[in-house]
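For the protein sequence lines, the chains are W and Y, in the order given. Under this note's numbering, residues 159 to 491 are what the first sequence spells out, in order. Under this note's numbering, residues 4 to 213 are what the second sequence spells out, in order.
Treat each hint with caution, since some may be false.
[Stated by the list, open to error] The calculated lysine-lysine pairs, modelled on BS3-like cross-linking and capped at a C-alpha distance of 27 Å, are:
1. W:202 <-> W:338
2. Y:145 <-> W:360
3. W:165 <-> Y:50
4. W:408 <-> W:434
To be clear, the hints were calculated from the coordinates, so they are not data collected in a lab.
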Amino acid sequence: MKKLINKPEDVVIEELKGIEYAHPDLVKIHYDPNFITRADAPVKNKVAILSGGGSGHEPMHGGFVGMGMLDAACPGAVFTSPTPDQMLEATKAVNGGKGVLHIVKNYTGDIMNFEMAADLARAEGIEVEAVVTNDDVAVQDSLYTAGRRGVGITVIAEKMCGAAAEQKRSLKEVADICRKVNGWGRSMGMALTSCTVPHAGKPTFDLPEDEMEIGIGIHGEPGRTRMKLKSADEVTAMLMEPIINDLPYKAGDNVLLFVNGMGGTPLVELYIIYRKAYEIATKAGLKVARNLVGPYITSLEMAGCSITMLKLDDDLTKLWDEPVKTPGLRWGV
Amino acid sequence: MTITRDDVINWINEYGRVIAENKDYLTQLDSAIGDADHGANMDRGFKAALAKLPSVADKDIGTIFKSVGMTLVQTVGGAGGPLYGTFFMQAGTATANKMELTAADWSAALEAALSGVVARGKAQLGDKTMVDALTPALNALKQAVADGADQNECLRRSTSAAEQGMKDTIPLVARKGRASYLGERSAGHQDPGATSSFLLLKAAADMWAK
């Protein structure tokens, strides 16, 4: 294992310290239990948005804390869900009196920990609603598995819910935006290499030099198939086809097209993928009205990418365009 | 059969030692079908639980179990935190105010713990989870208690049923947790949660054998 770390057990805490030094104008770091809040939290009379998950997916979620996006993020150990005490303290710290929305990616551990946290917060009189994201079309057999995983759509949902909350919409309205974004979004990822969890010390899975995994999850969960490496255009088609074939797109729709890097793939390659994805979407009659290209929901140093597509209406488009000011996403300010 | 408060404390300590010893083994099982964190997570959680043990060592068994459960919920993360946390918290509720446990008490505690795990994780027998080790262990324990078996025999039967249940997860296709994303590819691997659950009951038998 070759990593720029000191000790595996100090990875998360030293990362938090770095964020604290880098972005004191945007965020505040809380320790023991660990969580990140907006520097100006709690914002009175605004629904607060909280998310969280294992570390190793940066900038998600901590990098999306700030005006127009998340009020708080709870980082777990690398690839491990955070714990209910973190979520409870973060919920209390950002509650501005209008309730707190928990955005939870669909993983067994995340679901259970967030359920426990929501129970505890409600017992303390805080109104909490939780919405689960599950946009990964790579998981086909949802009935006999833990269900589709929450991946790229989570970034977009956090942005749009954050904007809706800034407009002083109610908890139910903001939660409805989250459900709509999740329902209208689909994703699929792929990997060229594995990644190494610091405390595991060796790659999560073996992937031979000339092979790739199509349908990979953001923790290196296996996907649909493993095959010999193909060209960027062929790979893009393999990701786009299941996305477009899954509901709910139809010709004439406006879409947001998001090409995400898994951590180890350079922007030059992501733009090659975006180019082909744009052409495939256009050919299918979809109008790419908004886009995002870059590493936003990563899997440590894994090489690979994922594509997320979201059907847009006027409201979602406006929510996307609203100002956002976070360490990881910033425009309009 | 009598399990004293000291026996309970010895069990928790022994399990902490066993988890530390098997940390890499559990992580290795988890990297085959999960996300390679089970060993490290459990080790972090039990180190924290052991550090808190002295502060509750003079309390009743229920309080000790609840302290362990709360600590695990706060320190393990992943699925293991809520599941093992719930296991000990429910066992704590079932043993509230008790300073020692009879065979029936231990059986009732294990039953409450397992029910809590099933309610939290919604896994059924055969889903390739810790439930597959705990369920046969509980059934064997209940039968042994009903047969009037002595303490060693009760523990031996439940541990050996847990071991069999753990081994029986090998051919199963996972239907819960991250392993379920593998589908058929999850078959042929032993479930890490069933393994840590077997080790938990084995540690009890090792410490409580007369």
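For the pair we were handed, residue 145 (chain Y) and residue 360 (chain W), check the Cα-Cα distance against 27 Å. 42 Å, violated
Given the hinted pair residue 202 (chain W) and residue 338 (chain W), is their alpha-carbon gap at most 27 Å? 26 Å, holds
Between residue 408 (chain W) and residue 434 (chain W), does the CA-CA distance stay at or below 27 Å? Between residue 408 (chain W) and residue 434 (chain W) the Cα gap is close to 19 Å, so the pair holds against 27 Å.
Is residue 165 (chain W) close enough to residue 50 (chain Y), meaning Cα to Cα at most 27 Å? Within the cut-off at roughly 18 Å; holds.
Violated hint: 2 only; the structure is consistent with all others.
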